[in-house]
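Here the protein sequences line up with chains F and Y, keeping their order.
Whatever position you read off the first sequence (first residue = 1), add 472 for the numbering used here.
Whatever position you read off the second sequence (first residue = 1), add 1393 for the numbering used here.
Honestly, the hints are just simulated from the structure, not real lab data.
Fair warning: there could be bad hints in the mix.
Quick list of the computed label-pair ranges, beta carbon to beta carbon [stated by the list, open to error]:
{"id": "1", "chain 1": "F", "residue 1": "F625", "chain 2": "Y", "residue 2": "R1693", "range": "57 to 63 Å"}
{"id": "2", "chain 1": "F", "residue 1": "E577", "chain 2": "Y", "residue 2": "Q1747", "range": "31 to 37 Å"}
{"id": "3", "chain 1": "F", "residue 1": "F625", "chain 2": "Y", "residue 2": "T1865", "range": "41 to 47 Å"}
{"id": "4", "chain 1": "F", "residue 1": "A629", "chain 2": "Y", "residue 2": "P1937", "range": "44 to 50 Å"}
C-beta atoms are modelled at their ideal positions from N, C-alpha and C, and glycine is treated no differently.
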Amino acid sequence: MIRLFANANYDFIKWRRYAYGLTALIIIPGLVLLAVKGLNYSIEFTGGTFIQIETRQPVQTAELRADLDAAGIPGAEIQSFGSDTSYSIRARLGAHATTPGGGTEETVAAVGRALDQKLGHDNYRIEKREAVGPKVGKELQGKALLAIFFSFFVTLAYLAYRFEWRFGLAAVLATFHDILTTIAFIRYTNLEVSLVVVGAVLTMVGYSLNDTIIIFDRVRENLRKFRRTNLYEILNLSINETLPRSILTHGTTMAATLALVIFGGEVIRPFALVMTFAIFTGTFSSIYIAAPVLLLIEKRWPGQDARGARAYAPREPMVTPVPAPAPSGGSGSSRSKAAV
Amino acid sequence: MRSIRGRLIFIFLLLGASIAALIPRNVTQRTQDPQTGRMRDTSVRQVPINLGLDLQGGIHLALEVDQSKGAVADCADAIQRAQRVVRTRVDEFGTTEPVVQIVGQCRLVVELAGEKDPARAVSIVQRTAFLEFRITDMKNQFRDALPGIDRALRVAGVKAPSGAQVSAVTQLFGADTSKKGADTTKKKSATPAPDTAESNAPGALSALLFQGGLPGEFLVPDEQVARAESLLARPEVTAAIPRGFDLKWGTESESRQARLYRPLYVVEDKPIITGEELTKAAAKRDQLNNHSVVVFDLTRRGSRKFCDETGRHVHDYMAIILDNRVQGQPPIINDQICGTGQIDLQNKALTEAQDLALVLRAGALPAPLQIVEERTIGPSLGADSIHDGIKAGIVGVALVILIMVGYYRLSGALAVASLTLYLLLTLAGLSVFGFTLTLPGLAGLVLSVGIAVDANVLIFERIREELQHGKTVRLAVDEGFTHAMSAIIDSNVSTALTAFILYLVGTGPVQGFAITLIIGIIASMITAIFVVRTFYMIWLRRRPDMQTLSV
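With these hints in hand, go ahead and build the complete structure from the sequences.
And the structure:
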């Protein structure tokens, strides 16, 4: 029988300051970059035209670009899309990348003419064509923001209902941290932010919160079980107890998202990448943000039994039940790492 | 014991129902005939899951009233008129179930699955509506010409389908006709039964046509519409149609004696009036007899013309034609109408009157539409997406199975067995509730497989802990399930909540993702908690004295 991290007893909370530093190292440059360069929004949000073509012969992107410039659509982005016979052309509204008429329909027509001239009408095929007017783009921006705020609010309400407010606040701060790191990740990788990616961010919120809830659920249980242990120990104990579950669940989810990254195709890849990152940041924040923040909150505003206030008191030996030898006999004991 | 049997029965019912919901069945598809260029309905077997446009290819259009050439006061009404017009044109699209939907206040969304040519779709949608009133073939000139048409077709080598009736025009609804005849006190032509003796073979065209309730109305069985259409387009037939008449199809099929018939009208080729001359149209309920009526006003020029024409055509039937389609049953002209007219729909529902008023307004004030969003996905791209999605799904599921069985052994195998049921349940859920599977939805399905085992992992870890604490196998299993429950519910509810918000706020593909996730969560709760529990119960009953558990 394989047992990963069974009876682990790492002092996770001890490393919290390093964890803060690490996460700041990710978030702060990301946010600075964000402020300077902004995000790479898809035409769904900016309005504009996206055309994906499949050509018979490989074409040089530089040549295509020159032809589109000549056709009066300067600044259109041309990218190879998976193979050298597959290209995407993006012309955003607002940038210089539209025809003088400014309408998306005109842009579509102009791109079509340029391609006909360059490649010949029968030598390419339009696989996908999207044209979004400025109004719809604005609406979608609004909706996406609304979705993020709403989900935040609703999960907050749910946490308030299920947990005491101290736990809820810690979980929400951890989730907020995840949103920041994910945005930083999207900025670093220059992923195109489409509605689907926003969907991935929201799913990430649910997933990360889920992870925090599992740990907090155990914390709540252990608080009831070990009346005399301080919160510091309880948090460590709970994280360690749920560690095998975390490894397993993140493992299976990671298997699914990696399969999507590798095999799922170009369209779904940004979504899968964000979800893969979400697994890392969600796991990290549940352990290193949610739990220590709960400790801080309990210290500042102690709960009824004020165990949080004693959290930094000298540690007493851990009062954990001594495990009976596992029936199957193979328990790899890491008891040697027991609390000092 | 009984509870295990009950549980097993429930599981098998669930399994059976899911499989039943996913058995491939015949679906009608509308395809373009490569030779004639007409639309043809064909039947295809496929798994009954709605695929989003991004998976099957197609066109999504969002339109708004074009206000660039002058503001439109009531855009909600304008978009309703536009919707009515686009609905009458759905036959021209290459799709069986086009979506023509008003979204929000003033936006029309048209979704055409399988349609490939965006330029064509856009031109169909944006074409200006044309409304006209035409008198039907009151003297049955077309019917009298039918034997000649049949002969011409026979000469051209077109045979009637075997088993067709011998009569030229079958009076299918004889009783109905006579009743209608009584209504129209002074029917112009006493319709004698046509002489059928001379045609000894069934006519190719007349075998498809049944005399309708009023002069110039024929009914064609739905399944014969395509054939009738192609016959009517032949040069021999167009040449033989009596001079001064056109044939126009009705919009909706009507059901008579449990069969669907599409009405076909023979109308004069000149309209007595067109939509330009209409100024207003509104539905209301007549206070005197409680009939649903539509009241319409005409322009000054229009009312002069209409006055003349209706004067000449009292007791004739007037077909209301929008974009070449006859709308509803042609009403009878009871009297000369000048200025303001009223169409009496008798005992029909007020909604029908409202619909007719909408048709009249649509013809009177065509709403110019502007495209605010267009998405076209080629069919091969959709097929590629499905292919990639399935490949990723298989790899993902295989990895999950490997991890679960490798780590939890026999218990893992139980979880994997329940995972199969989970996948079936999720897909069946999509099928039964008519939700649409989109590309992000497919990704959500793959992702949810990874997440779905979480409930099992929580339970198994808990059982391991309980076993470690020296509990017996039976007790450990019981406690494992009970203790893991609150964590499972909490975590699933939080995911479901975010997915629900995503559904409320998102657009098509993203909504598909949210739906898949929500159904997946519900299915995973059922399988992880209920099904795996049952497996354990059976296992423990078989080996009650089990000392170790493969977990």
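Cross-check of the supplied hints:
no.	hint	in the structure
1	F625/F <-> R1693/Y: 57 to 63 Å	59 Å, holds
2	E577/F <-> Q1747/Y: 31 to 37 Å	33 Å, holds
3	F625/F <-> T1865/Y: 41 to 47 Å	46 Å, holds
4	A629/F <-> P1937/Y: 44 to 50 Å	46 Å, holds
Comparing the model with each earlier hint shows no violations; every hint is respected.
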